[in-house]
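*Asks:* Residue-level listing of the chains:
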Amino acid sequence: MKLPKILLLLVVLIQMLQSCESDDGFRQRFVQMRTTLVNQKSDSIKVKFDYERQYKGSAVFHHNFTILPGAQYIHEDQIPDNQSALFIFTFYITDVHGKIDTVSRKIYVEYYRYRRNISETIIFKD
Amino acid sequence: MQRILYFFILSLSLLLFSCNSAFRGQNTHVVLSKTVAEYLSTKELIVHNNSTKKLITRTATIQETDTLYQLTYKKLKGDVVILEITDSSGKMRNVAIPQMKLSAYPVLLSSTISPPLTVYALRFREIESYTDVLLIFYNSLAAVIDVYAGTATMRTRKHGRYTVPNTYRIMNLDDVTTIDTANNKLLLEIPIPINPNPTPFLTQKYRKKCQYAFSLGSSFGTTHETSTTYLYSQTSRVNLPNKIDNGVWASASLHFQPKAHLQWGYSLHSNINPNLSVNFLLNDVGFVVPLKKGSLEIGCGIGFGISRRIRGNSYCDSFDSYKKEPLKTNQLLEESYSFIPSIHTFVPINGHIQFIYPLKNQFEIAASVNGFRIPSYNLFEKSETVLTKDQITPNIVAYRREEFTFSNITVKSIHGLYSIGLSLRLKL
Chain A
166 MKLPKILLLL VVLIQMLQSC ESDDGFRQRF VQMRTTLVNQ KSDSIKVKFD
216 YERQYKGSAV FHHNFTILPG AQYIHEDQIP DNQSALFIFT FYITDVHGKI
266 DTVSRKIYVE YYRYRRNISE TIIFKD
Chain B
159 MQRILYFFIL SLSLLLFSCN SAFRGQNTHV VLSKTVAEYL STKELIVHNN
209 STKKLITRTA TIQETDTLYQ LTYKKLKGDV VILEITDSSG KMRNVAIPQM
259 KLSAYPVLLS STISPPLTVY ALRFREIESY TDVLLIFYNS LAAVIDVYAG
309 TATMRTRKHG RYTVPNTYRI MNLDDVTTID TANNKLLLEI PIPINPNPTP
359 FLTQKYRKKC QYAFSLGSSF GTTHETSTTY LYSQTSRVNL PNKIDNGVWA
409 SASLHFQPKA HLQWGYSLHS NINPNLSVNF LLNDVGFVVP LKKGSLEIGC
459 GIGFGISRRI RGNSYCDSFD SYKKEPLKTN QLLEESYSFI PSIHTFVPIN
509 GHIQFIYPLK NQFEIAASVN GFRIPSYNLF EKSETVLTKD QITPNIVAYR
559 REEFTFSNIT VKSIHGLYSI GLSLRLKL
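These protein sequences, in sequence, are chains A and B.
Using my numbering, the first residue of the first sequence is number 166, and each one after it goes up by one.
Using my numbering, the first residue of the second sequence is number 159, and each one after it goes up by one.
Here chain B stands alone, though its shape is the one from the complex (with noise of 0.2 Å):
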């Protein structure tokens, strides 16, 4: 139950409390061709927001390289601005640039800090009650600092996000050049940009569109132990299998593509198997390769998985030493593990590769073949038994057994979990 509400807590914290814009650049650039930066680099140029309540206005300057010659100012919000531009005899010319709004980065406590703080903390099992109290003030904590934090990054940085979009080029004189300042119709007729080549991600009023795409697969994996540990210190002189069987996973997935080479998203993944449930949520990114028909994502994620174990089978074997020294000819130690059902959370690690086909109708179809890095846990109850036979009499013979149960002993194992599978993809 404590599990499921970090999870909850985290998710929620990560959702909702941790973007801010703190980290945008200061200044935006539009591209001009080289006629237009030579005509403008003698103009007085202002961009404003254009707004009747409140007006800010930015002052504009023309850099120029070889190759690349750019109209540059500090950020303002506004979906559209004016660029002002004014010659020595007084003649004006109003230009509109489009702009279009950033995301925030998602970097503040419960995006970067609370999450491994989290899967650390939950590793003491020891003093678990302690713990649970404090993960959980420590996150509610952390997502309230968040949400003043963020408040106060968008409010104080609310110019940050806007910037020019890379495809708007001003490369006609005709566009800038200044008329004279009695023709007002034309002064304050300023024409809204229309971008020539509209994308799925770019509208023709330059505006921001993302995809988004809705999956459901199944794949079938492999696994391979790459290492197997006891947690805590402690030893076994049994040997105890710790595997996660081969066999049929399912998976779910939202994805977002802002950009034609960028999607990332969150899958849930789980696992079909009885005796061993594993369900992990990654965070996942991907570089996405547009093909002649279709695409391909190389990527990789990072997320939070809760492993259970219901059933497995119980060890015992029997040794005539303890702690490397020879026990009396009359006795025998038997180590026993009793198999108990647990619950562990981990921290899974992927990285993928599909290919994405489009079918009808805005369904896709994409072919995966995902490598994880992820633990699998296994708790027994460790008991020793002495085993001593007495003979006391040639007819009576006494046998006697000293139980010493121990702490529970976990085993750990990591797997590298490789899968094929097939999902399909509707993109709206």
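Isolated chain A, as found in the complex (with noise of 0.2 Å):
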């Protein structure tokens, strides 16, 4: 009889310290970015936006969009929070008369210990 008890000891036992197993893994953090173009003029706007990413080497996107009056645009991207970049947005705003309107903005990403989110808005109006 007693080898069924010392089995049924260790069974017990190690279920004991098997719930005191860590979860804790390696989880990989990111800098949440988010542009936002809100359009609050009468009209609709038509957008041309160069996109720069100085991040392991430098990439640039170009889009052409238009905002509807009341309505907005999102861009989103991120990064690892142990990395370094660069962000440039240049946003080139013709509203119905024609005029053109240059927007530049620069987001610099470095490696910080605490969780970091970066958000702006950008609002047109008349």
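In short, the hints are calculated from the structure, not lab data.
Even for Gly, the Cβ is constructed at its ideal location relative to N, Cα and C.
Hints are all accurate, no fakes.
Okay, derived cross-link-like pairs now, BS3-like style, lysine-lysine, Cα gap no bigger than 27 Å in a straight line:
1. B:Lys547 with A:Lys211
2. B:Lys481 with B:Lys540
3. A:Lys213 with A:Lys264
4. B:Lys201 with B:Lys249
5. B:Lys547 with A:Lys271
6. B:Lys547 with A:Lys206
7. A:Lys271 with B:Lys486
Per the computed footprint, the stretches of chain A lying under chain B, defined by three or more beta-carbons under 8 Å from a beta-carbon of chain B, are:
8. 263–276
9. 280–287
Assemble the dimeric complex from its two separately framed chains, guided by the hints.
*Replies:* Structure representation (structure tokens):
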């Protein structure tokens, strides 16, 4: 009878110790970035958006779109928080009268020990 | 889960493994009358355990002071021992002396060092995974050491727990006068002493008796916050409330009363609150004062508790400075604290007074006033957001939010909890 008792005790001990197993694994964190364009003009606007991302080399993206009155455009990106990067946003906004405004924004990201989120809202008014 | 496991190991260690009898006195005494003491002082006195297997003997001596006369001998295991009186002419007399078995002292690792060490170590959340493993290993090791140490002291000091009851006295000379050894019948028929005044704690045969009381009760408690601190040297410019609401508490307890003036036991206290659950087990001890009808108990206790914040508010405020430096005119700093459900362990301390009044059929009712010192904890995720407004053109404005999420911040408050309640006791 001794062996089954010892085995039972071992099973109970292993079950107890299993409950103490740590669930801390490696989790990659990211810096979240969000840029929102809000059109509060009475007419729609045309936007030419150049997006330059200097992260492990440089990359440039071009977008063309129209934002209706009262509508908004959202651009999101993320990079691992242990990396450094520079993001350059350039918006060329053309209104119904053909007037062009240029808005340039920069976001520089570098390693920071705490979690970091960056968001920017750009509002266009009459 | 880990907290429950520690609690289980600790409780088991305390209950099973941490008793020993190493610290009991060497000698025991029988109170004598002056005439008996004077008579016995000229006789040869030997105490033995009356065993046919292994006879153990002790030499007894008479000690006298102005008011007290007593027979003293080194402790000897046995519910009844025999005092053998022999005089110079060879006459003898055997007298039975009742003894009672005392409890072992609960003084070993599991009952002294382990509980405060475990509670202290659990506070270091930064190295939690290592602490968990170390604590389980330590507590298991302490329990095993206690098993061996407790068993060793019980065996090596097996006589230490037997003592003569205080109420047993030899007052009549007739009980100790030696008789002729030829009269075998009188010499061998030794009357077992009978307790003339049996109590609920000492029977007619001088056997110890313990009373058990199981009680269920409820009370209303009000709290008073005495201090608030942030753990791990953290700070907050936003006031983070950390209250324990006034409310109803429920309790269940099991108490042991081995003596007329001593009561000890365990009581479990639990609050009834959907937002903050506080449960703690107290090991309390009380001094009982018998009254004309009923009794008064004054006691204190210390224990182990678990508090669980289930729901709570989040807080936010904005400032125009950072680390005492003013921000730019177009900037604002927002400090926000998001509530996180959390579980914490703590050590409650209690002082209480209760009036116990007997009802019918072993039932009693108790009215109690309690004062507790208990901490409460509140965990938040802290984030600071820099809000910047840039007027790019008269028609274009940009609002940037740069949010930094810091490590969690824990608020600790010490509360005085004062409660008044009623409980129903079943005494067995």
